Amino acid sequence: MFIHYVQLGFYSLRRNPVLTLLMVMSIGLGVAASMTTWSVFRVVSGNPLPDKSSQLFVPQLDNWGPNDIVKNGQPPNAVTYRDAMAFMQAHEAERQTALYPVRYAVTPERTGAEPFRVQGHAVFADFFPMFELPFRFGAGWSRADDDAHAGAVVISRQLNDRVFGGANSVGRSIHLGDHDFRITGVLDNWNPQPRFYDVSNHSAFGDQPDIFVPFNRAIDLHTQTNGNNACHENSAPGFEGWLHSECVWIAFWAELPDAAAQSRFRSFLEGYGAKQQQSGRFNWPPQAQMHNLQDWLDYTRVVPSETPVSLAVSAGFLLVCLVNAVGLMLAKFMRRAPEIGVRRALGATRQAIYAQFLAEATMVGLAGGLVGLAFTALGILAIGVVFEAAIARLAHFDLWLITLTVLTAIVATLIAAFYPAWRAAQVQPAWQLKSN
Amino acid sequence: MDILPILTTLRRHKITAFLVILEIALTCAIICNAVFLISQRIERIHMPSGVAEHELIQIELASIGAKADEFARAQEDLAAIRQIPGVTQVASVAQVPFGSSSNNAGIRIDPNQPKSMIDASTYYGENLIETYGARLIAGRNLRADDYRSMDAVMEGVRSGDTKLFPATAIITQSMAKRLWPDQDALGKSIYIGKIPLQVVGILENLVRPSIEDDSTANYSAVIPIKLAQGQYVIRTAPGDRERVLKIALEKLKQNNPHRIVVQKRTWDEIRGNFFQNDRSMTGLLIGVCVALLLVTALGIVGLGSFWVAQRRRMIGVRRALGATRHDILHYFQTENFLLATIGIALGMVLAYGINLFLMTKYELPRLPATYFPIGAIALWIIGQLAVLGPAMRASMVPPVVATRSV
Chain A
1 MFIHYVQLGF YSLRRNPVLT LLMVMSIGLG VAASMTTWSV FRVVSGNPLP DKSSQLFVPQ
61 LDNWGPNDIV KNGQPPNAVT YRDAMAFMQA HEAERQTALY PVRYAVTPER TGAEPFRVQG
121 HAVFADFFPM FELPFRFGAG WSRADDDAHA GAVVISRQLN DRVFGGANSV GRSIHLGDHD
181 FRITGVLDNW NPQPRFYDVS NHSAFGDQPD IFVPFNRAID LHTQTNGNNA CHENSAPGFE
241 GWLHSECVWI AFWAELPDAA AQSRFRSFLE GYGAKQQQSG RFNWPPQAQM HNLQDWLDYT
301 RVVPSETPVS LAVSAGFLLV CLVNAVGLML AKFMRRAPEI GVRRALGATR QAIYAQFLAE
361 ATMVGLAGGL VGLAFTALGI LAIGVVFEAA IARLAHFDLW LITLTVLTAI VATLIAAFYP
421 AWRAAQVQPA WQLKSN
Chain B
1 MDILPILTTL RRHKITAFLV ILEIALTCAI ICNAVFLISQ RIERIHMPSG VAEHELIQIE
61 LASIGAKADE FARAQEDLAA IRQIPGVTQV ASVAQVPFGS SSNNAGIRID PNQPKSMIDA
121 STYYGENLIE TYGARLIAGR NLRADDYRSM DAVMEGVRSG DTKLFPATAI ITQSMAKRLW
181 PDQDALGKSI YIGKIPLQVV GILENLVRPS IEDDSTANYS AVIPIKLAQG QYVIRTAPGD
241 RERVLKIALE KLKQNNPHRI VVQKRTWDEI RGNFFQNDRS MTGLLIGVCV ALLLVTALGI
301 VGLGSFWVAQ RRRMIGVRRA LGATRHDILH YFQTENFLLA TIGIALGMVL AYGINLFLMT
361 KYELPRLPAT YFPIGAIALW IIGQLAVLGP AMRASMVPPV VATRSV
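Same order as they appear, the protein sequences are chains A and B.
The first sequence runs 1 to 436 under the working numbering.
The second sequence runs 1 to 406 under the working numbering.
Same shape as in the complex, but just chain A (with noise of 0.2 Å):
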């Protein structure tokens, strides 16, 4: 029966067709521009971690005190070296890096190349097990060699390509700056938006790293943050004189895998502040905090407010589809309203009339929901002219897009039609049949 009603509504669909192309377009336009702006949330907002973001913290500490008019009363969002380094040397989390975003220029070994240049991240050895980066050869380096400031170096597989062309290199050199470095590992594509592990430097939503590099290495090398240093203060000069600074420049990550852990952790925070505040550093209470990975983001605010403004945007205008939707619906049905004092009269119950309306109305919504593939795939493409580069670049149709598509716009329409199909079963037969 209900296939019957399908086709029943797949010829009424033909029966006036401007009212039913009025209806299809309203629907597919709402569901496309709902989907579009949804496409761009889902990348911006979406958790980068999911299986370990509540394992990941940033701890943050009030070295800068209470007078500072810039963070408003929060601590800053980076830590010192000097804090980096004794939360290192702590080792209180069961895995923990610091890190800093650096820049090099690479001089290829063939002659006549040109120099270019390279940016990544100096980090430890915990980085790659923590952040659960594929590697296409080799892996990263040991804690040993963070300790021996070894001159070890992760690259991305892009480097690779260019470099070595594309063959295993791990175990030879690349020159980065003016010192050779070892690679012991050769990254597969791995480019993770946001790029939630140094969101305070740069854009959140930028290019692939070319390099990982050991921290220990990097400071030994003086390389400078190629990202935002902020000083409270004019630091003494010098790279040392900066190591030594207020100056917070540096993104700290912990993994606590367990609650103890956590509020172990916690509590070395709160301790080491405590510490630092007895010892002269400071002399006002230091707050600590730290936030997971996924209340970092929000913390942070890496989500441009734009999204969400234009997420509500396009649900209100879905809304607007919506109840067009209910009023040509409404108009289409009752035009029928002769058929179904007939059908009535020969015997058909209300919930049949209810259910053949509903089926027409499914059809309506699958046919929105195609128009609204192809606005939607359009406006994707829109995307790329209006939106950042970066941001474009991840928004893109897949099969979960697609699904949710004409899903979206059959749901919505079946909403739509439960007013107008009941209506439609409200017909009074007898009085269908007089006027006829």
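It should be emphasised that the hints constitute simulated quantities derived from the structure, not laboratory data.
Heads up, none of these hints are tricks.
With a cut-off of at most 20 Å between alpha-carbon atoms, the simulated SDA-like pairs for lysine to any residue come out as follows: (1) K194(B) - N283(A); (2) K264(B) - F116(A); (3) K194(B) - P66(A); (4) K194(B) - M150(B); (5) K177(B) - I109(B); (6) K264(B) - Q119(A).
Treat the numbers as computed from the prediction; the structure is a model and nothing was measured.
Given chain A, work out where chain B should sit, using these hints.
Coordinates of chain B only, in the frame set by chain A:
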């Protein structure tokens, strides 16, 4: 045209009339807010910078390996660039307006203030004001004897010798007003940490490289420190920019081939990049607004046709009783106007509500009353245009319909 019979008819089509009103109300509310958001973005995109917008080029270089005698090398670079025909000014700088990367400092007007009053961006570099083309509205420009080299400043930090620091600064008008609301800033001193800088000049405007809060976008100070960081800004006639950029890159390469060009762009590109997100948002909102008006119009056309079809008998009777085509046309137009007006009134209330929500959630300003008429007029026009087709068809219904049974 008498409104009462229309109202009586509408009362018999409550749900359909309600749907039209609801649709118009929602559209009106969204359009009012969206147009407001758009105008805010457009205003932001056109934020004044205070510099010679179409005359500037930025080149940033990074050295490979050890750096020696950077200052002398920078002088060579500057001299080479200055020789290029068409170059009017050139400066070695540390940051460019809207360039994103910035130096900032907390500013006090009394060294004993516990908190700095504002956070301002600090511009360093010789010949910077001339090159950027910022307009001095009071006081004097920086002179050669005001300048200290970055090395000297660093030495001063090390030794505590305050003579090595610069003693003057030029600040923007808006910063001066914020620091001394009722007084002339000229001659007064600002303090960065404990270092006093006497304000010798006031700039009309000089926007910061990165903006956290639009109200402080112009808090900038130019401090006379000479530097050599491999970043140059060149000023030239708008039509010469491409050519000058190309020659400048060649010359810089000749001077020292052991460098990488990190950045080479015109200032228009810098501005374009800076406001990319605002432009995206504007485009998206305009798209949604147009689509929304289109959908609403389609809805009115659909329901209008339905109504006309339902009332063919009634129209026929009216025509038979002496109503002209014009009367019928007018009837449907008035009906639409009535529905639109109710919808718009509801929409205004809704628009206000949405704005209140956005104000609390996204710190948007209050929707100015001038935006309400925009939504109203847009919807009246859309409504009238959309109903025109069905109304014309209604006016074509011949009187003879009255005598036929369906």
